[in-house]
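Student: Using the sequences and the hints given, assemble the complete structure.
Residue numbers (the numbering used here), protein chains in the order written: chain B, 1 to 413; chain R, 414 to 835.
Please keep in mind that the hints were generated in silico from the structure rather than gathered at the bench.
Quick caveat, the model's predicted, so the values are computed rather than measured.
Possibly wrong hints are sitting among the right ones.
Claimed, not checked - Residues of chain R placed beyond 10 Å of chain B at every Cβ, according to the derived structure:
(1) Thr416
(2) Arg435
(3) Lys468
(4) Glu484
(5) Glu586
(6) Gln644
(7) Lys645
(8) Gly647
(9) Ile704
(10) Ser710
(11) Glu721
(12) Asp731
(13) Ile789
(14) Asp798
(15) Gly817
To be verified - Below are the SDA-like pairs computed for lysine to any residue, each with C-alpha atoms no more than 25 Å apart in a straight line:
(16) Lys461(R) <-> Ala125(B)
(17) Lys300(B) <-> Lys641(R)
(18) Lys641(R) <-> Arg402(B)
(19) Lys720(R) <-> Asp707(R)
(20) Lys717(R) <-> Arg402(B)
Unchecked claim - Covered by chain R, according to a simulated footprint, are these stretches of chain B (three or more residues, beta-carbon under 8 Å):
(21) 80-92
(22) 109-123
(23) 304-312
(24) 371-381
Where is the CB? At the ideal position from N, CA and C, for every residue including glycine.
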Amino acid sequence: MQPAEIFPYPREWVDEEAELLASSIREWGEREVMPKRQKFDEDYENKLIGPAMKALFVDIGVQKLLWPEEYGGGGLNSPDGAVTITRALEEIGRADPGIGFVAASTLSALTPIVMAPKVNKKLCAEFAPLFCNADGVRIGSPILPEQGGEGIYGVAPAVARLEGREWVISGEGMRPASSGSTADLFSVFCAVGGTVGKEMAVIAVPGDTNGIRREKPYRKTGLASDRNATVHFQNVRVPKRYCVCQGAGDECFKGMFSWHALYASAVCAGSMLDVYRIVKQWADTRVMRGHQKWAERPLKEHPVDAAVLAEVAQEIAISRLVTYDLARMLGRAEVYGEPGSDELFTAARAVNLFVTDAAIKSSDKAMEIMASQGYARGGELEKHWRDVRTIQASMERLPALRDIARYFYATGM
Amino acid sequence: MKTIDDFTIPQECLSPVDDTLRDMVREWAEKEVIPYRREFDEDWEEHKLIAPAFKKLFVDLGFQKVLFPGEKGGLELSNAGFAATASFRIFLEVSRADSGMGVAFGCIFWALTMIGLAPHINEELLAEFAPRFTESDKAVFTSTAMTEPHGGADIENLDALKGGTIKTTARLEGDEWVINGHKLWPTNSGGVADLFGVVCTTKPGSTDEKDFAFIFVPADTPGVKQGKPYQKMGMAADKNSDVWFDNVRVPRRYRAWGPGLDIKYFREVISWGCMGSIAFALGVMENIYEIIKDYCSTRDYRGKPLKEDSAAAAILADIAAAVEVCSIIGWQYAGMLDKYELYGDKHSVEIATKGRMHKMFVADKAIEVAHKALSIMGRYGCDRDRDIEKHLRDVKMIQLWMGGKQLCQMEIARLFYDCQTL
Numbered sequence: 001m002q003p004a005e006i007f008p009y010p011r012e013w014v015d016e017e018a019e020l021l022a023s024s025i026r027e028w029g030e031r032e033v034m035p036k037r038q039k040f041d042e043d044y045e046n047k048l049i050g051p052a053m054k055a056l057f058v059d060i061g062v063q064k065l066l067w068p069e070e071y072g073g074g075g076l077n078s079p080d081g082a083v084t085i086t087r088a089l090e091e092i093g094r095a096d097p098g099i100g101f102v103a104a105s106t107l108s109a110l111t112p113i114v115m116a117p118k119v120n121k122k123l124c125a126e127f128a129p130l131f132c133n134a135d136g137v138r139i140g141s142p143i144l145p146e147q148g149g150e151g152i153y154g155v156a157p158a159v160a161r162l163e164g165r166e167w168v169i170s171g172e173g174m175r176p177a178s179s180g181s182t183a184d185l186f187s188v189f190c191a192v193g194g195t196v197g198k199e200m201a202v203i204a205v206p207g208d209t210n211g212i213r214r215e216k217p218y219r220k221t222g223l224a225s226d227r228n229a230t231v232h233f234q235n236v237r238v239p240k241r242y243c244v245c246q247g248a249g250d251e252c253f254k255g256m257f258s259w260h261a262l263y264a265s266a267v268c269a270g271s272m273l274d275v276y277r278i279v280k281q282w283a284d285t286r287v288m289r290g291h292q293k294w295a296e297r298p299l300k301e302h303p304v305d306a307a308v309l310a311e312v313a314q315e316i317a318i319s320r321l322v323t324y325d326l327a328r329m330l331g332r333a334e335v336y337g338e339p340g341s342d343e344l345f346t347a348a349r350a351v352n353l354f355v356t357d358a359a360i361k362s363s364d365k366a367m368e369i370m371a372s373q374g375y376a377r378g379g380e381l382e383k384h385w386r387d388v389r390t391i392q393a394s395m396e397r398l399p400a401l402r403d404i405a406r407y408f409y410a411t412g413m
Numbered sequence: 414m415k416t417i418d419d420f421t422i423p424q425e426c427l428s429p430v431d432d433t434l435r436d437m438v439r440e441w442a443e444k445e446v447i448p449y450r451r452e453f454d455e456d457w458e459e460h461k462l463i464a465p466a467f468k469k470l471f472v473d474l475g476f477q478k479v480l481f482p483g484e485k486g487g488l489e490l491s492n493a494g495f496a497a498t499a500s501f502r503i504f505l506e507v508s509r510a511d512s513g514m515g516v517a518f519g520c521i522f523w524a525l526t527m528i529g530l531a532p533h534i535n536e537e538l539l540a541e542f543a544p545r546f547t548e549s550d551k552a553v554f555t556s557t558a559m560t561e562p563h564g565g566a567d568i569e570n571l572d573a574l575k576g577g578t579i580k581t582t583a584r585l586e587g588d589e590w591v592i593n594g595h596k597l598w599p600t601n602s603g604g605v606a607d608l609f610g611v612v613c614t615t616k617p618g619s620t621d622e623k624d625f626a627f628i629f630v631p632a633d634t635p636g637v638k639q640g641k642p643y644q645k646m647g648m649a650a651d652k653n654s655d656v657w658f659d660n661v662r663v664p665r666r667y668r669a670w671g672p673g674l675d676i677k678y679f680r681e682v683i684s685w686g687c688m689g690s691i692a693f694a695l696g697v698m699e700n701i702y703e704i705i706k707d708y709c710s711t712r713d714y715r716g717k718p719l720k721e722d723s724a725a726a727a728i729l730a731d732i733a734a735a736v737e738v739c740s741i742i743g744w745q746y747a748g749m750l751d752k753y754e755l756y757g758d759k760h761s762v763e764i765a766t767k768g769r770m771h772k773m774f775v776a777d778k779a780i781e782v783a784h785k786a787l788s789i790m791g792r793y794g795c796d797r798d799r800d801i802e803k804h805l806r807d808v809k810m811i812q813l814w815m816g817g818k819q820l821c822q823m824e825i826a827r828l829f830y831d832c833q834t835l
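Tutor: In structure tokens:
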């Protein structure tokens, strides 16, 4: 039985279409990624990751999923498609959390354009062909507020001012959520008015717009498939209609971030399922001796190791359930409110924090069981350990704690 | 302004040469390692950057000579009475820059602790090996070959298994030992080892302690083959590989001590390994403290330095508290190894197990500290350019080597709870 079937998830929310998509992605992962992923860190020329991403993004169509059907997309732009997306991202994350995080960030960047009921038809008509008619990989990248400054959600990475029918955007040293060096479409948080103020906007910026400068990809702990890099905008001009969200306070941020938190959690849940497979295989086959002859038995039959293995499984089981719960809540605004509401934003923060913590803990404990085989590159596990650690860093733990405290304890931070 | 030198060290545990050692190694680290360490991950196989830094430390500063007798060109540390505390300082300072280099350096003396530390010194063998280290103009590496393919940590599980799972055999033919076996993971293998200390059995399957043998094998002896280095998630400066011994013949005198004594003194290798591991982890923690202090002092959050935000300050306090406690514990354990008349033999089960306990505690804390520092740095935490993530990858390996965490737990339980069947 596959790990994805062993660990419970709310099956009544996952329809046949979602399982079919997940099944295609699982086949993709086992054929295109898992045999090669140990080489991804040194794949500087994109010879391995590139074809694997093309098979996923183009051939299976992950880059089309969120676009409305009438624009050639997969039609999962209704909030209740969240569960299907979650199931898909889980399978991608199981194969490679790096590709999973690129996919997750792409979906996050597109959400303010495509998500029903506020579908931006003009921008769908304009940008959907870029993703849905392409024979190459197309990537979206959110550039989110950064810790610091005066705002409680951090400082906007860019400033934007309207000049006639155009937004003029400037931002130095911006760090996208992912794919800074490769993104085809950025969704950039901007402080409106030319200075950092209270009004924020999310503006879609095609990656080939004049005035965008990208630096070399970061060298980082994990997520080799994510070619993230610092991006600079110098008086980048885009049409006024490219603003996909504008409002006082932090409404734009919270809505988009809730989805981003879900997608990143789904990738981590998938990673954990593969961690389980790896450590189970080790514990099934590794024989450890003990003081007594009867102690010569597989690792999993030793109580001390079984206890650790149980903790790994516990982290996975709970993480998977809460991720699906979050997907369900984001998909049912009539019951739970808008994704940008304080309630759902906080729930998304908390679930994401829990799941990323759990992903780190489960790979950490699995590594304890596997010892040197755990940290050897050939042992598969350490890549998940590095990848989920990098995802959590990207989602930022300290701001998450502040956001959760603000809601539950009415703190003013 | 507080620095890493303000963390508490029990003053009784400092060697008389501590200031000198600290200054020498710290200057080397600042100049030869810290500016380049971000490139070390890509240098894991060839050591083009790492090898010159080793040469400066081992040869130019003379640290590979320290253990050996003065008449052989050494610096007499073996009999000085402060070998552990002096070594602790060197290991700590090297690891503050790069713990992979710390373990590679520490392991040049690891096998030699069997024969080169008071009160049990095999003077004949130590003198024979000394010129390899004291007269060489290149860095010389020793490697302790323990782990085997079938059982991993089982070899190190001495008190439970008495060496009964060792598959590498040593057979006496005339005045020569003939060694056959396959080892995994020894530090300083992968082509760099000059001298191996090999854990063998003279009678496969035997749990008689007399059949446990520790035999030195020069790496250029016919029949010794080192594999290609493994690629790991951290510690690029420490090369590990498969090592094969195929009818390798060495003189009979290369057995460290002989039946019963080899296994007895091998426990000292465990104690020494724990002391080294604590120093490596503490060096990492001290550097993390330096990095995160600088980051939080210069990074603004809502109009003031991040360290002035109480949530961040609470985490910074946890980090400092962990470094403080681990500094006290680590130096104290090194002091216990030097003062064996007071605390008990270094090869005793008590001291070896307490080493396991302290090592487990400090390694766990080092991982916590690295995770916390990384989290404070948010989206920048996993950048190679910030150095924290390298330390995290490295200390995770410190936690897991020498048999892994569960072995430590079982040994501690056996000692403190009189468990009989673990």
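Student: Each hint should be assessed against the structure and marked as holding or not.
Tutor: Against the structure, the hints:
no.: 1; hint: Thr416; result: holds (25 Å)
no.: 2; hint: Arg435; result: holds (30 Å)
no.: 3; hint: Lys468; result: holds (26 Å)
no.: 4; hint: Glu484; result: holds (40 Å)
no.: 5; hint: Glu586; result: holds (30 Å)
no.: 6; hint: Gln644; result: violated (4 Å)
no.: 7; hint: Lys645; result: violated (5 Å)
no.: 8; hint: Gly647; result: violated (7 Å)
no.: 9; hint: Ile704; result: holds (15 Å)
no.: 10; hint: Ser710; result: holds (14 Å)
no.: 11; hint: Glu721; result: holds (13 Å)
no.: 12; hint: Asp731; result: holds (13 Å)
no.: 13; hint: Ile789; result: violated (6 Å)
no.: 14; hint: Asp798; result: violated (7 Å)
no.: 15; hint: Gly817; result: violated (4 Å)
no.: 16; hint: Lys461(R) <-> Ala125(B); result: violated (54 Å)
no.: 17; hint: Lys300(B) <-> Lys641(R); result: violated (31 Å)
no.: 18; hint: Lys641(R) <-> Arg402(B); result: violated (48 Å)
no.: 19; hint: Lys720(R) <-> Asp707(R); result: holds (10 Å)
no.: 20; hint: Lys717(R) <-> Arg402(B); result: holds (16 Å)
no.: 21; hint: 80-92; result: violated (count 0)
no.: 22; hint: 109-123; result: violated (count 0)
no.: 23; hint: 304-312; result: holds (count 3)
no.: 24; hint: 371-381; result: holds (count 8)
Of the numbered hints listed earlier, those contradicted by the structure are 6, 7, 8, 13, 14, 15, 16, 17, 18, 21 and 22.
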